[in-house]
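Based on the provided sequences and hints, a complete structural model is requested.
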Amino acid sequence: MTASERGALADAASAGILSSVDLHFAELLARRGGLDDPVAALAAALCAKAVRLEHVCTVLDDEGVGLLWHPEDGAEAPAAPDPGALRDALARATHLVEVVDVGANVDARGEAPLVLSGHRAYLRRYALLEQLVADRLLAAHALEVPEGTDEAISAHGARAAEEQRVAVRRALAAPVSVVAGGPGTGKTTAVALLLVVAAALRPPLSVALAAPTGKAASRLDQAVRADVANDRAGRAADDEVSEAGEGTTARRATTLHSLLGIGRDGIARRRGWLDADVIVVDEASMVSLPLLAETLRRARPDTRVVLVGDPDQLASIEVGAILSDVVEAGSDAGVVVSTLATSHRFGEDGGVAALAAAVREGSLGAVDDAVAAFGSLARLDPGEARGEVVDAVVRRAVDLVEVARQGDAAAALELASALGVLCAHKRGDGSTGWWGRTVERRLVQLGVLRRRDGDVVGRPLLVTRNDPLTGLTNGMTGVVVAGDDGPRVAFELGTFPLAAVAFAETAWAVTIHKSQGSEFDEVVVSLPEATSELLTRELVYTAVTRARQAVTLLAPPGALESALARRVARASGLVARLRARGQLAVSASDGPVADSSTTPAT
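Going by the numbering used here, the first residue of the sequence shown is number 4, and it counts up by one from there.
None of these hints come from the bench; they were simulated from the model. Don't take each hint at face value.
What the hints assert, rightly or not - Estimated spans, in silico, between C-beta atoms of each pair:
| no. | residue 1 | residue 2 | range |
| --- | --- | --- | --- |
| 1 | Ser23 | Asp85 | 24 to 34 Å |
| 2 | Ala344 | Arg55 | 33 to 43 Å |
| 3 | Gly365 | Asp402 | 35 to 45 Å |
A virtual CB, placed ideally from N, CA and C, is assigned to each residue, including glycine.
The structure is reproduced here in structure tokens:
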């Protein structure tokens with residue numbers, strides 16, 4: 004590509020719109036295929052940028068190009084290119100671009116590095132991943148509810164709500180299904196009922212429970228096992244058939260990466276079918292497109308995969324916003340989605356529930372009304388009231404240190420879950436770093452902690468890496484407590500010598516992303532300035548729904564308004580693909596949609 008032909012790319016790069024990685028990708032294609040059209044090269048570079056920003060594809064219309072056409076350093080951007088010209092240029096580059104109709108299959112054996120489908124342009128890998136996920140989701144219409152399902156649900160679901168029983172019935176009939184709902188709507192109760200009913204229909208039943216983070220996996224494990232145990236106890240008390248459903252064998256819940264055998268380098272060490280009759284993936288809003296595709300690819304044809312989560316929470320920190328896309332496409336596209344709407348955690352008049360609903364709607368007025376109506380809620384300007392909130396947090400920290408020094412692991416974990424400080428940033432004013440330094444300094448001033456590395460008892464810890472030696476996984480939280488043989492770290496799954504916890508950091512506060520899967524009695528939400536690009540409605544919603552009873556919003560002027568006005572925007576073609584393919588699938592009479600994926604190697 005000559006200097007003049009690089010003009011459009013160079014202008015975008017000099018303005019900070021494209022990175023060196025984006026530029027290198029376009030130039031690589033130019034060398035590979037003789038790409039001499041600078042407009043097509045610019046479109047290719049935007050495809051690379053889209054993936055860096057967690058989009059599945061580049062939408063070549065005014066809105067889609069606008070998502071990408073901004074300098075990452077905040078500088079002024081030149082005029083955006085014409086989306087139609089970008090599409091036309093790609094369509095002409097047939098040696099580098101495969102052009103397919105919307106909803107049509109991409110050639111799995113094709114070699115073109117880019118795919119153009121309607122007004123969406125993909126890196127080939129992500130087009131194939133999206134296609135695999137859509138095909139698996141749309142395989143449901145050809146199946147029937149197993150014989151005896153209704154009787155088993157009646158026997159085991161007497162205590163379940165009707166919408167939970169319906170979700171179980173639908174999930175048992177589908178190879179892949181979604182159970183969606185907000186906090187406290189009984190998603191894990193529905194999962195537990197599903198497992199008990201499935202075990203009654205098909206004993207022995209092998210179950211795999213997984214979540215994107217260790218903390219979420221631990222919560223899933225506890226909740227499901229408790230609900231299954233309650234079912235068995237309830238049936239015994241009611242003198243029902245006590246043997247039904249006893250054949251459930253569930254391995255301890257783990258991270259999705261561990262289930263798939265994916266290492267820190269992102270490479271799967273195992274390739275064959277997953278050995279499970281039912282796979283439950285909790286906190287599915289956090290699951291990226293590649294991770295979900297790998298899960299579905301390796302699920303046996305007779306395995307039931309159930310995706311559980313809240314589509315209004317934060318999306319994955321990697322490519323895609325799959326759960327919200329699937330819920331948006333809904334049953335009209337042939338996807339099995341069951342939405343639980345009734346909250347059982349807060350009650351109809353709960354302050355947290357009212358605040359969550361207001362945030363979900365994006366209504367600042369409704370947020371203020373909720374705060375005015377409930378004493379459990381507060382919205383404060385950190386410039387005026389943060390000192391008082393810090394005092395309250397420090398008092399809880401003092402209590403935590405005192406209990407931990409007594410060696411009471413259960414009480415320490417209970418205190419740690421009573422209050423959570425959740426932040427958008429790791430660095431800067433009001434960040435996790437700021438809170439950590441502030442709390443530590445105050446504890447030293449009070450004489451509760453001493454300024455030396457060995458004084459660790461009472462500190463909350465956050466696991467930062469999976470550790471196969473201990474079974475601790477990224478995202479788990481614990482507390483250092485006194486032990487007879489030295490400090491130990493108490494986690495929900497047990498206690499470990501401090502020296503054995505190799506990958507952890509002190510965490511008086513955690514990011515909102517890391518808090519997904521956690522629950523606290525009360526949360527303090529520390530928001531950044533209104534100009535922060537991290538501020539979104541999903542961020543605030545995720546934070547406030549970590550609370551069971553009370554929420555304090557520390558929001559600088561304009562920050563909450565900015566967050567409520569901005570939604571997470573992840574470009575993808577999954578909704579369009581599901582709707583296009585789903586309409587064909589529902590009307591077909593010769594079986595499920597053909598699967599374009601390959602069988603896992605053994």
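Evaluation of the provided hints:
{"no.": "1", "hint": "Ser23 - Asp85: 24 to 34 Å", "in the structure": "holds (25 Å)"}
{"no.": "2", "hint": "Ala344 - Arg55: 33 to 43 Å", "in the structure": "holds (36 Å)"}
{"no.": "3", "hint": "Gly365 - Asp402: 35 to 45 Å", "in the structure": "holds (37 Å)"}
In terms of the numbered hints stated before, the structure departs from none.
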